[in-house]
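Asker: This note's numbering puts the first residue of the first sequence at 12, with every later residue one more than the last.
In short, the hints are calculated from the structure, not lab data.
Certain hints may be false.
As the list claims (entries may be wrong) - In silico BS3-like links for lysine-lysine, alpha-carbon gap of 25 Å or less:
#1 401 / 337
#2 101 / 71
#3 39 / 134
#4 389 / 301
#5 436 / 401
#6 389 / 337
#7 286 / 326
#8 335 / 361
#9 229 / 217
#10 445 / 459
#11 201 / 253
#12 361 / 326
#13 337 / 477
#14 330 / 253
#15 301 / 335
Bear in mind that the values here come from a model prediction, so they are computed numbers and not experimental data.
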Amino acid sequence: MFNDIQQTIEDKIKAWSAANDIPLAPLKWTSIPFSGEWGVSTSFFQTAADEARAGKSTGKPVPQRAQELAEQVKVQMGSVEGISHVEAVKGYLNVYFETGAYARRVVDTVLASGADFGRGPAKGERVMVEYAQPNTHHSFHIGHYRNTILGEVLARLTEFAGYATVRASYPGDLGLGVITVLWAYDKFYKGQEPAGVHERGQWLLKIYAEATALLKEKENETPEEKSQREQYEAERRELYRKWDAGDPYVRELWRVTREWSLEELRDILNTMDVKMDVWFYESEVDEPSKTIVDELIARDIATDERSTGGPVIVKIDEKLGLAKEKYRTAVILRSDGTTLYLTKDLALAKVKFEQYHVDRSIYVVDFRQSLHFQQAFKILEMWGFPQAAKCHHLSYGYVTLPEGAMSARRGQVVLFKDVVDEAIKRVLAVESEKAPDMTEAQRQTVAKEIGLGALAYSMLAVDNNKDIVFDMNEALSFDGRTGPYIQNAHVRANSILKKVNGQIPNATFQHSMDKHEVELIEQISRFPAVVEQAANEYRPMVMAMYAYDLANTFHSFYHAVPVMQTENEEARNVRLRLVAAAKQTIANALRLLDIHAPDVM
RNA sequence: GCCCCCGUAGCUCAAUGGAUAGAGCACCAGCCUUCUAAGCUGUAGGUUACAGGUUCGAGCCCUGUCGGGGGCGCCA
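Using the sequences and the hints given, assemble the complete structure.
Answerer: Structural data, given as structure tokens:
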């Protein structure tokens, strides 16, 4: 975590290579496989291989030569401030830190930085993360949740890593699905309205499923059924036309029901502790997006085939002169002049770049739309936006059910709200036996924090490109590699610190440290680099993995090393500071994962 | 036909081209008179789908094969 020692060593190695006329390959530093003490290591395989290729080979195999070089460097090293010893092993140069001095430095830094420990330096770039794009007139299901937790954690990561970060939501509030709900509501349920934010949202989903069934062609349909269905279909089309024409009645119907969905969405975002900076709505970019089509035609990027009854298209592969199909041809305006998903995304990108001055634009959208985004980014590039190079589609796999894909049409969905309610119920059941002393209010708060923690972690600890088969028992597991496991480490750290009323003593780190103590400090010191990596690679999972490793190391330490019972006062003070530093780091990691770090559970 | 993703322990998943491929779950054996047992310790479990290639070094990069999933001009 402190690069100054590493830099000193690197300078020495460079001086040695210059003095001995050995062309040095770039040095890559990694941590040494843990062996009770810690340090950093670099290898000489590349340098040895380069030598062999340049014909300066001594005839020895590369690994042997690398070991020889490492040994030479070791001899030249001499004593370095902060380094206890250096060794040459299997072609690696292992540099070990002075345990006490390094430990003290790490722990003091964490305690001085507090909630800011791990925060990266300002990057001077503005990032917009677009996520939480559910369609309105449906209810929020567990798939939407994966999207939202991924986006939120990514935003927390980029923000903490030093990027100015803008959170954007983009609900889909128009289209045939929306109109279908309006039609059925108006025809069968007008004037009705269940009480309760979630009840209303879920009711719209039920109406949608019913309407879809009514409009679907059945096998062995009787003539009566057929004419009924066709009449419904005509009504739905007429409603769509009226909506498009701005009919006041339809627009009002749409506005009111849309608000029901948005209210539910806001409530869920609030539950998830997500605060959006910007709300884009499809309905608001629909009209403006038409003008960009004209611009693209005028600049000969798009081809207008409307004169022959066709749509407006961009022949991307052809324009780029690609022999093989890759980006294919994209339709950016229907032949009837109405817009498409892509039309709106192009218009929205322009708004992001020009009005929000976004340097980097991240889209958290499931993997099925990867071609769409490849096309969109390529068209933005052809259009002349340099930011197109820094547009990134964070694609992720679907959340499916054991019985198959979720389907709003068939009403086969697992609602987020239901899962949260179940989670809280399960935590309460465990809690009544584990923590009988808690007050009722505290019990409710903690149950929500633990339940949501379990759910969030189950989504975050899987790589984006994997599908998740949603299993309630797995998602709400409290044992092993889970959110509650990490939260429990935080609680245990807190329970020790409570014994000294949070008063953290000073310590000189003179005592000989146990391997559990050293390993815990090693894990803590990794945190800033993990923040950097997770943010730069847009991978929340990296932070999720780290949080578990840290908690795991803490649990082992907790079990093996007594703190308050330590007789030696200096050792006890060191351990108290170490526990405080661990608690802080666990809290910071959990915060980035959008998981609460409770003091009791 | 073309493009993208995936294939690692019985199951679910990790592993910036680098040292002996790691966790959890499940199974088995231990650990609460001690800071919270939602925990800890240990045993067992592998031809990294297959075949070539590049490299000093490949689970990772390249080519091909097989298997699974997704996508491909007027859905989003």
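Asker: Tell me, which hint numbers fail for this structure?
Answerer: 5, 7, 8, 14 and 15
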